[in-house]
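**Student:** Sequence:
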Amino acid sequence: MADPSIAYTLDEALSTLGFGSFQGLVLAYAGLGWIADSMEIMLLSFVGPAVKSEWGLTSSEESLITTVVFAGMIVGAYSWGLVSDTYGRTKSLLGVAIVSAGAGVLSALSPNYIWLVVLRWMVGIGLGGGHVFSSWFLEFVPTANRDSSLLVFAKESGESHQGRAQSNRTHWLLIMKDICVIHLSFLHIRTLSWGKFCSSDFASIRSLYSSIIPSSQRMKLRKLGSKIFTAAKLQIIMPSLGWRWLLGLSTLPCFALLLFYVLIPETPRYLCNKGRTSEAQAVLEKVATLNGTKLPPGILVSDHLTDGNEEFALLEDTHLLTSSKKKTKESGTSSSLLVLFSPKLIRTTFLLWIVYFGNTFSYYGIILLTSELSSEQSTCSSRAVLSGNTQDSSLYINVFITSMAEFPGLVLAAIIVDKVGRKFSMAIMLLLGFVLLLPLVSQQGEILTTASLFGARMFISASFTIIACIYAPEVYPTSIRSTGVGIATAIGRIGGMICPLVAIALVSNCHQTAAIILFEVIVVVVGLCVMIFPFETMGRELSDSVPLSNSNVII
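Numbering (our numbering), first residue to last: -17 to 537.
These are computed hints drawn from the structure, not numbers from a lab.
Small disclaimer: the values here were computed from a predicted structure and weren't measured.
Don't take every hint at face value.
In silico BS3-like links for lysine-lysine, alpha-carbon gap of 25 Å or less [unchecked claim]: (1) LYS73 / LYS276; (2) LYS268 / LYS256; (3) LYS256 / LYS73.
Pairwise CB distance ranges (calculated) [said to hold, decoys possible]: (4) SER260 / TYR69: 15 to 21 Å; (5) GLU36 / VAL423: 37 to 43 Å; (6) SER260 / ARG329: 33 to 39 Å.
Beta carbons are placed, not taken as given, at the ideal position from N, Cα and C, and that holds for glycine.
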């Protein structure tokens, strides 16, 4: 029986338990959520044209199919964040999986255009909660491993649970995610069978994929993703499955989330924040069992009492959030919003919104530019050097090559994020992305265009990953973490909705220079906002709450 005279905090417990098998299982579950989100975003490029051809839609009707998904994400990003902070991370994850799976299957069965639009909007609401998976995973990670564990997949060593050995992690977490998505994208492209992507092209690109990705990595990825899709992959040999099968098969990760939901625990940090320390200790005991370690002697104590009668102060000398007993009456939704706009966080909140908007705008814009600048459908005579001899297969090859750009960017981010800090890492990535977009201000040949887009996507995606997966969840306290990240994500989705006006509309109307200049301006603005973030979160313990007072405004 634990000695009640000895106590330990949650951060001390997580540090003692280390990063091991338990976190690996948590990562696998969160990975399913990331895959589901990425697959649904990826298929937007293919479903619209297929439905337009089958139902004879106008271009505006086709565009609406994509727009409503992003509109739903805006609603879902905030709503699921609020559910997560109010009722628990796992409750939010369950809701995300149910809505995404249910609406996804029903959309595949849509009898007409109106039903398809409504159901895809509901799918967007479900997908809007994807950020909760990152917050849920983050709260199981020790402070010492948080720098790299969100970018690196842990590899156990002989001293995996002891001291310095925990820094020797070599498998890249987000690379795993993105390779899984690209691996599954072959199913999407082949399934639609438009006639533009012939079997020989598919085989050659898949061969390229196999040569680039080491066999050892492919085997590890398939343990998580490909087994789930074995039955679906058997259908690839069919000449044409159509968009309905595509939508239906893309819900499989969501159903896997529902299947394994009974196994996932609530985060001990959330439980402690709600004053449920006995439940939190029970979860920590399970972590200790799976990791093969032991909890510190004594009993778990919360860093603060969480009965709604305390307020928390930010120590100016360390930028750490610690508790001080002060009464407050605000609670629930209004309290969460008040905290986001409290003097301690208002600057961070507004800067995060700008960075999320700009990063999302730039990231999806570069993806759209890849297909737009590679398309042979351009009517701009000045771009004949780029598109005149471009074959349809070249478009898919260029898209595939630029998709691979995210891997080296994430590797670089993982190397420097815990050396120079989050802020400087993002600033460096954005600066390099800015430089690599510059050649596209004027018309370029296909090779230089693809190379520039490859480099720009590599660094912009790395910056996006750091802000979305590391900095934002770290800078917000437990009590409003999901709500804060959710609202920022919703703001970012707005950037995703309007970027086609630049990446497609301007470029297709022969205004490539104006489009690239606008992207460059946004990247510069994002970089400046990153540099004036009030806090550097590297090496900091996760905070729990912040004050609602009107003093000590950070300017």
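**Student:** LYS256 and LYS73: Cα distance at most 25 Å?
**Tutor:** holds (15 Å)
**Student:** LYS73 and LYS276 were given as a pair; does the straight-line alpha-carbon distance stay at or below 25 Å?
**Tutor:** Roughly 28 Å separates the two Cα atoms, so the pair is violated.
**Student:** Is the Cα-Cα distance between LYS268 and LYS256 25 Å or less?
**Tutor:** holds (20 Å)
**Student:** Within 33 to 39 Å or not, the Cβ separation of SER260 and ARG329?
**Tutor:** Since the Cβ atoms of SER260 and ARG329 sit about 38 Å apart, the hinted range of 33 to 39 Å holds.
**Student:** For the hint 15 to 21 Å, verify it against the beta carbon of SER260 and that of TYR69.
**Tutor:** holds (19 Å)
**Student:** Taking the Cβ atom of GLU36 and the Cβ atom of VAL423, is their distance within the range 37 to 43 Å?
**Tutor:** holds (39 Å)
Consistency note: the structure conflicts with earlier hint 1 alone.
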